[in-house]
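Student: Sequence:
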Amino acid sequence: MLQNTLDILRKEGKEILVCLSGSEEAQKAWLAAGGEAGHMLSARQVESWLMTGGATLPKEIAFSGTLEEFVSLFPKTNAEDSKRKVNGFLSGAVVEYKDGNWEYFTCNVVVMGCCMGEYLSIVNKKEMSF
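With this note's numbering applied, the sequence shown covers 7 to 136.
Just so you know, these hints were derived from the structure itself, not from any lab. Since we're looking at a predicted model, the values are computed, not measured. The reader is advised that the hints may include incorrect statements.
Derived DSBU-like pairs: lysine-lysine, alpha-carbon spacing no greater than 35 Å straight-line [unchecked claim]:
(1) K20 <-> K82
(2) K91 <-> K34
(3) K89 <-> K34
(4) K91 <-> K131
Make a model of the complete structure from these sequences and hints.
Tutor: Now the structure itself:
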């Protein structure tokens with residue numbers, strides 16, 4: 007199923023964020039489905055990318071953690087800019103490994119505020135079916 011879904015998304019030219027949720031099994035499955043090892047990012051690599059101004063990344067990247075962990079890496083000091091950057095990653099499709107299964111969806115983030123300051127929240131999560 008992962009291979010077929012990624013093939014469809016790739017043919018449609020969608021940007022794809024694959025969240026591996028720390029799973030070696032998920033990493034192997036993504037690589038077997040045509041993912042490229044050089045397009046796999048750890049939390050430190052994402053932070054480094056953010057500090058260097060954000061060079062252009064490939065249309066498909068895999069993040070070693072969960073979507074929530076990915077979103078939490080973006081600085082809250084300039085939440086609107088972070089929202090723009092995160093939503094750029096989420097503009098196509100998100101493929102996330104959870105509890106031994108792959109989930110396919112679209113979503114975006116908004117800036118929320120509370121007594122502790124601003125933060126990014128994932129909203130409008132819609133499952134994709136193939």
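Student: All hints are to be evaluated individually against the structure, with a verdict given for each.
Tutor: Status of each hint after checking the structure:
1. K20 <-> K82: Status holds; Cα separation ~27 Å.
2. K91 <-> K34: 28 Å, holds
3. K89 <-> K34: Measuring from Cα to Cα gives roughly 30 Å; hence the hint holds.
4. K91 <-> K131: Given that 35 Å is the threshold and the Cα spacing comes to 17 Å, the pair holds.
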